[in-house]
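Participant: Guided by the hints, dock chain B onto chain A, whose structure is given.
Order-wise, the sequence lines are chains A and B.
Just so we're aligned, residue 1 is where the first sequence starts under the numbering used here, counting upward by one.
Just so we're aligned, residue 1 is where the second sequence starts under the numbering used here, counting upward by one.
A few of these clues could be false.
What the hints assert, rightly or not - Cβ pair distances, simulated, as ranges:
| hint | chain 1 | residue 1 | chain 2 | residue 2 | range |
| --- | --- | --- | --- | --- | --- |
| 1 | B | R66 | A | V65 | 53 to 59 Å |
| 2 | A | I111 | B | W155 | 38 to 44 Å |
| 3 | A | I111 | B | L92 | 34 to 40 Å |
| 4 | A | Q91 | B | A254 | 39 to 45 Å |
| 5 | A | R112 | B | R66 | 30 to 36 Å |
| 6 | A | T243 | B | P182 | 44 to 50 Å |
| 7 | B | I423 | A | A175 | 50 to 56 Å |
| 8 | B | G232 | A | R112 | 51 to 57 Å |
| 9 | B | S263 | A | K77 | 49 to 55 Å |
| 10 | A | G163 | B | G270 | 41 to 47 Å |
What the hints assert, rightly or not - Calculated pairs, EDC-like style, for lysine to aspartate or glutamate (alpha carbon to alpha carbon, straight line, at most 20 Å):
| hint | chain 1 | residue 1 | chain 2 | residue 2 |
| --- | --- | --- | --- | --- |
| 11 | A | K210 | A | D43 |
| 12 | B | K67 | A | D43 |
| 13 | A | K113 | B | D304 |
Don't read these hints as lab results, they were simulated from the structure.
The C-beta atom is built at its ideal place from N, Cα and C for all residues, glycine as well.
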Amino acid sequence: MVHVSATPVLALRGVSKRFGAVQALTDVELEVHAGEVVALVGDNGAGKSTLVKTIAGVHPIDDGVIEWEGSAVQINKPHDAQNLGIATVYQDLALCDNIDVVGNLYLGREIRKRGILDEVEMERRARELLTTLSIRIPSVRIPIASLSGGQRQTVAIARSMLGEPKLVILDEPTAALGVEQTAQVLDLVERLRDRGHAVILISHNMADVKAVADKVAVLRLGRNNGVFDVKSTSQEEIISAITGATDNAVTRRAARNVEAQK
Amino acid sequence: MSTDKTSPAVGKTPAAPADTAPSDTAPADTAPVDAPAPAPAAVTAVDPRLLVREQGFAGYLGEFKRKMRAGDLGSIPVVIGLLVICVIFQGLNENFLSAGNLSNIAVSMVATGMMAVGIIFVLLLGEIDLSVGSVSGVSGAIVAVLSVTNGINEWLAIVAAITGGALIGAIHGFFFARIGAPAFAVTLSGLLFWQGFMLQLLGSNGTINLDSDGLVGQLTTYYFSDVAAAYGLALVAVVAFFLSSFTDSRRREAAGVPSRPLSEIALRTGLLAVIAFAAAATFNQYKGLPLAVLLFLVVLVASDFVLRRTAYGRKIFALGGSVEASRRAGINVTAVRISVFAIAGTFAAVGGLFWASKIAAANQSAGAGDLLMNVIAAAVIGGTSLFGGRGRTWNALLGVMVITSIQYGLALEGIATPIQYMITGGVLLATVVIDSVTRKTQKTAGRA
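The shape of chain A in the complex, shown without the other chains:
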């Protein structure tokens, strides 16, 4: 069902990030292919947000290599990431409540005709975009303030799609959403994948992860703690990787044996 390209769209090789005395990320590896949803999970403080911010260019990395479609790139500021084709939807959606849906979709990149806003063209394209993503909102001409939480989330995601990004990063898109709204957002994530976008999905909700993700990358205390295939892994295994329950007597003895053999 998932067509995975040979070269990953984005690959992190041994990425490390330090904030003063805190080592936020240590030698993190991550690969995302086109048409693939990778869920990034981990406990609070595991480094999920830091990792996403390094990809989005908010925090430049200290060590390691970021590869974009097979070649090493420097991502030092948000603009670099946008130019590569990385779109990030943060948890606080950053929409303007007083402006209508069309205005928010095109905020900062308005279509102009002879210096004047081309409202008709923006509205037409906005409708087209929302239709292709099967997003249903009451009207594209009502202010964001009158939309529900789920609708706002879908608008924020649609906004990220305008630049035709290759990689979309969604930071906790279903947090604080109701059942029906969560379903809408998850549907949208699947449609992004079907359109060939690579998606990184940060979530605390295992049910969501199981529902839409292809791979689950677990972070624990700033390090990789396994990448699992969703189909063949049970929820318990993932949760134990998140909480570190795998770190038990058996695994420690195994690790020591490996070390002893070296």
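Facilitator: Same frame as chain A, now just chain B:
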């Protein structure tokens, strides 16, 4: 429990996203067994919750009613307020609605109105500029000192005064946007500083008389006495409005997005025509079309265009909605903020010229008294939100009409300033109350 859940689920199926069914990824077990799968054609059917306006005039009426219920009153309270004011003062004195009085009101409201346009820009950011009164005084003083005392060409003096206003505003903007001081505090200190600056400019004698036939003097005294001027302007306005609405509607139709029905455009044009020609007839009964009113209308049209049709205006609204969202959208927050304060300063200076013109002098009391309050009140009464992100510059016209009509009405009755202050204060309070109440209604209707 399970039966309770299925029955609403089945009932909801058409309204709930029907796209889950055709999607190949949807697990089969989520589809209710007894609910027929929607036919492919049904997927594009209109969701009953969507606010799709019916075509034609009925749809327009329906939307109007819905807006009223949702508390989206627009300018209706102000228009009603204006009618009430007219009825009351006409009842007290039959001269109130005379052509002469209305024409005088129109001319004298321009000074406050110009300043209100500037303050609306600042209010849209969710900020306030308390210095506009003092800045208007400085502008009058600059013109007087340059043209009368130093004998410089009056055009140059006017340009200098307006540039000075823009510069003063930019300085306020710099301290607010770049240094991060609260706009309230920056412009409050500006209020005092520029008042002092004006007194310094005017020197010891305090009043500089302007030539009442000069450029500044003519601002409020020149009338286009030819009857054709007022009617021509009204005709141009009506035709321009109709053509722009009509072509816009045609373009929208061609692009396949909802457009205004012709009947609605006709209704709006008709309404505008009635108002425009009534105003023109009134002006022509007295001295003709006042230059001041023409300039004010030009400013209103231009500023409304900038705010609603350009990317720059969109940035101002965005900043009033969410600074963080604007920043992430790549908007240069500092530059927009500084420019908006510069615009407020510019319009304050322009307003100052009209004040100077009205008394044909620059004196020490310019920009003092209730001017600042009237300017802010005009913007707010017109419907500009104090919380940012909501409002139009046309609001300045309505608001300043209310304020000036009250002043003139009370003056006709010979009611003194103390009472005037109290009544104006009461009207402002009433407006803020209406704004707050409608805001609450809007919240409950999901439209904040």
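Participant: Does each hint hold? Answer for all of them.
Facilitator: Evaluated hints:
1. R66/B to V65/A: 53 to 59 Å: With Cβ atoms ~56 Å apart, the hint holds.
2. I111/A to W155/B: 38 to 44 Å: holds, 39 Å
3. I111/A to L92/B: 34 to 40 Å: Taking Cβ atoms as reference, I111/A and L92/B lie about 54 Å apart, which means the hint is violated.
4. Q91/A to A254/B: 39 to 45 Å: With Cβ atoms ~40 Å apart, the hint holds.
5. R112/A to R66/B: 30 to 36 Å: holds, 32 Å
6. T243/A to P182/B: 44 to 50 Å: Check passed, 46 Å falls within 44 to 50 Å.
7. I423/B to A175/A: 50 to 56 Å: holds, 52 Å
8. G232/B to R112/A: 51 to 57 Å: violated, 32 Å
9. S263/B to K77/A: 49 to 55 Å: At roughly 53 Å between Cβ atoms, K77/A and S263/B fall inside 49 to 55 Å, so the hint holds.
10. G163/A to G270/B: 41 to 47 Å: At roughly 44 Å between Cβ atoms, G270/B and G163/A fall inside 41 to 47 Å, so the hint holds.
11. K210/A to D43/A: holds, 17 Å
12. K67/B to D43/A: violated, 46 Å
13. K113/A to D304/B: holds, 18 Å
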